[in-house]
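2 protein chains.
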Amino acid sequence: MRLNDTTDVAMRIMIYAASNGARRFTIDQIVAAYALPRSTVMKVVNALTQGKFLVAQRGRAGGLHLAQQAAAIKVGDVVRHMETDFSLVACMRPSSDCAISQFCKLKSPLTEARAAFLAVLDEYSIADIMLDPVLFGIRTPAA
Amino acid sequence: MRLNDTTDVAMRIMIYAASNGARRFTIDQIVAAYALPRSTVMKVVNALTQGKFLVAQRGRAGGLHLAQQAAAIKVGDVVRHMETDFSLVACMRPSSDCAISQFCKLKSPLTEARAAFLAVLDEYSIADIMLDPVLFGIRTPAA
Numbered sequence: 001m002r003l004n005d006t007t008d009v010a011m012r013i014m015i016y017a018a019s020n021g022a023r024r025f026t027i028d029q030i031v032a033a034y035a036l037p038r039s040t041v042m043k044v045v046n047a048l049t050q051g052k053f054l055v056a057q058r059g060r061a062g063g064l065h066l067a068q069q070a071a072a073i074k075v076g077d078v079v080r081h082m083e084t085d086f087s088l089v090a091c092m093r094p095s096s097d098c099a100i101s102q103f104c105k106l107k108s109p110l111t112e113a114r115a116a117f118l119a120v121l122d123e124y125s126i127a128d129i130m131l132d133p134v135l136f137g138i139r140t141p142a143a
Numbered sequence: 001m002r003l004n005d006t007t008d009v010a011m012r013i014m015i016y017a018a019s020n021g022a023r024r025f026t027i028d029q030i031v032a033a034y035a036l037p038r039s040t041v042m043k044v045v046n047a048l049t050q051g052k053f054l055v056a057q058r059g060r061a062g063g064l065h066l067a068q069q070a071a072a073i074k075v076g077d078v079v080r081h082m083e084t085d086f087s088l089v090a091c092m093r094p095s096s097d098c099a100i101s102q103f104c105k106l107k108s109p110l111t112e113a114r115a116a117f118l119a120v121l122d123e124y125s126i127a128d129i130m131l132d133p134v135l136f137g138i139r140t141p142a143a
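From first to last, the protein sequence lines are chains A and B.
Quick note, the first sequence lines up with residues 1 to 143 if you use the working numbering.
Quick note, the second sequence lines up with residues 1 to 143 if you use the working numbering.
Hints may contain errors.
Claimed, not checked - Straight line, CA to CA, 16 Å or less: simulated EDC-like cross-link-like pairs of lysine to aspartate or glutamate:
1) A:K105 x B:E123
2) B:K105 x A:D132
3) A:K105 x B:D8
4) A:K107 x B:E112
5) B:K107 x A:D8
6) A:K107 x B:D85
7) A:K43 x A:D5
8) A:K74 x A:D122
9) A:K105 x B:D122
10) A:K105 x B:D132
11) A:K107 x B:D122
12) B:K74 x B:D132
13) A:K107 x A:D85
14) B:K107 x A:E123
15) B:K105 x A:D128
16) A:K107 x B:E123
17) B:K107 x A:D28
18) A:K52 x A:D77
19) B:K105 x A:D85
20) A:K105 x B:D128
21) A:K43 x A:D28
22) B:K105 x A:D28
23) A:K74 x A:D128
Unchecked claim - Between beta-carbon pairs, the in silico distance windows are:
24) A:D132 x B:D85: 25 to 33 Å
25) A:T49 x B:A127: 30 to 38 Å
26) B:T6 x A:G21: 29 to 37 Å
Hints were generated in silico from the structure; no laboratory data involved.
A virtual CB, placed ideally from N, CA and C, is assigned to each residue, including glycine.
Chain A with its partners taken away, still in its complex shape (with noise of 0.2 Å):
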């Protein structure tokens, strides 16, 4: 059981937005703190500002930032924005090539299964996973 990729690249985001308080930060910052690819940064981000979770501002002042306070931000909600396929198995797909899909009873525990686990996640908010922004070298440790 995996999360896709891009959904892990999201939380990365989140999470380095979240330590970033109110400071703008831009894409290749993100790039520089994760190494990873700008090309998936790019993608990610841009599933993130159409999710209403970053906003992107124009211009000379622009640069990214949380669309709301991290506290108000819930894991659960990033989570279900970017996994786009929650189908678990074959017969939650409309394509399922299983032979018993219209019989199957395994469907409604397995939508429990999943129910319950983003219920979990909805206790979280972004604000419960950010970091200190030491870690990232956004600030400096005092002296």
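Fit chain B to the given chain A structure using the hints.
Leaving out everything else, chain B in the frame of chain A:
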């Protein structure tokens, strides 16, 4: 978020096994019931016998059958046995390439969410998801 394809196949085989009741069945019957590749079915049956979910009886009266009553086998245990990688994101794997792995606070919510997922599946047994043998052509409908 997906389960492995082999977990999906394992669930189909367990459903088939339970629907057979005390009747022995063969790999070829599973292949025919689901139109799955023989090599896949063999691999997964092997994993299920190793996990003591199925018993493979040799000899003339041989064949496969459930290792226990269907009601005694938890869906969660089959999923746990089949999902060899439960590392939802990179930082949950030993070979993580994420720059913040050692500090990351996302591991704990994800671990908790995964536990909630499996806890729901532990509430269901294979008996809960078995099907009417008629659907598999194992038994003909009563006249």
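Violated hints - listed by number, lowest first:
Numbers 4, 6, 12, 17, 19, 22, 25 and 26 - these are the hints that the structure violates, sorted from lowest upward.
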